[in-house]
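Mind docking chain B on chain A? Use the hints.
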Amino acid sequence: MSEDLARFEDVENPVMPYLRQERIPHIWCPGCGIGTTVNCFARALTESGLDLDKVSIVSGIGCTGRVAGYMRLDSFHTTHGRAIPFATGLKLANPRLKVVVYSGDGDLFAIGGNHFVHAARRNMDLTVICVNNSTYGMTGGQVAPTTPLGATQTTMPYGNFENPFNLPFLADACGAVYVARWTVFHVKQLTRAMKEALLKPGFTFIEVLAPCPTLYLRRNRLGDGVDQVKYYKEKSTIKHGADTKEVGLGFQSDIVVGKFVDRERPTWLDSMNQHFSKVLGTRFQPWGGSNGED
Amino acid sequence: MGDEKAAGKKAKGTVFVRSEVCKGCSYCIEFCPTDCLEFSKDFNSKGYHYPVLARPEDCTGCDLCGLYCPDFAIFGMKFKDLEARKNAGASGGAGG
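Sequence lines, in order, name chains A and B. According to this note's numbering, the first sequence is numbered sequentially starting from 1. According to this note's numbering, the second sequence is numbered sequentially starting from 295.
Treat the hints as calculated values from the structure; they're not laboratory data. There could be a bad hint or two in this list.
[To be verified] Partial list, derived from the structure: chain B residues whose beta carbon lies under 10 angstroms from chain A:
{"id": "1", "residue": "Arg312"}
{"id": "2", "residue": "Glu314"}
{"id": "3", "residue": "Phe325"}
{"id": "4", "residue": "Lys340"}
{"id": "5", "residue": "Leu358"}
{"id": "6", "residue": "Gly360"}
{"id": "7", "residue": "Leu361"}
{"id": "8", "residue": "Tyr362"}
{"id": "9", "residue": "Pro364"}
{"id": "10", "residue": "Ile368"}
Each residue gets a CB set at the ideal place from its N, CA and C atoms; glycine is no exception.
Next up, chain A with everything else stripped away, as it sits in the complex:
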């Protein structure tokens, strides 16, 4: 068998062309789920057939914020919580780009909560991928807006009493056109969802539940990363089109996963062009983003 394999020595991991290989191995802990989501994202990029020169990835600060540094795309590692404003600017300056925001739950919903709400309301043409590990991993396990009730964190040593966000419900209520939730156990479905979100115009949102073995799991005595992924496997039910009101998460409770929202709304840029063309007539030049290219 080994002689057989020697012939294939030059075979490379299909994900490698998407990564800045000089930065691998990455800094994520053993059992962290972020690497798995990056794997799925790289495969979704392949399947989507997008021109990689026209894809850019923006992330904020945190463990998930490192993704922008590891992807071999035009990438932007922004200030804490401000990934969506930077991405909005990028998109509006050059509407031909496909802009992906890849960040964590603390960055997108605590520090950058306001930006998320308004980008979804305006239906800005962005794909937002939120890796939800229920904690602030990089800064030492403080309680995050997604930490379930009862979970112990460094700033909540007697258990969390703050009600957490239900992220799909928030995105749905704010007007996102595509809302899905998957876990790192559902790699195939996650890849498909990422592909759909990349190809859909408008504000698309995917929440990915991922284990944080070092801070969330260890502090709550939940075992290792693989134990949490086994929990995702056992406790999750796929329910497409579920009412987002009912998909909130409790501490180690049942998880509803699936594609919850898929609707059509004009994007911010389309609305603007349409509105000003109507009001100003020929005095207005619609902005399509040729940006001097043609």
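Then chain B, alone, in the frame of chain A:
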């Protein structure tokens, strides 16, 4: 019974492991659909036990391990794809 089954069975694919970047999280071992991976007895320079193909005849090259691996340390390939690559004279992946 296992041996009888194995004797008549031919592997459809294989896995490639970059042991140096493995962090021993065991996702690939746990979620392999045909349960053909195991921890190695050896460890890499960081002290992690990496996966090895313990039951090569069961491997289908489905690449689910590659999809799960958070460290990009393992991936699977079907032999027919490998042959096709070799015949096409390709090396590495797309782009770069």
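Identify every previously stated hint that the structure contradicts and give their numbers, smallest first. Violated hints: none; all satisfied.
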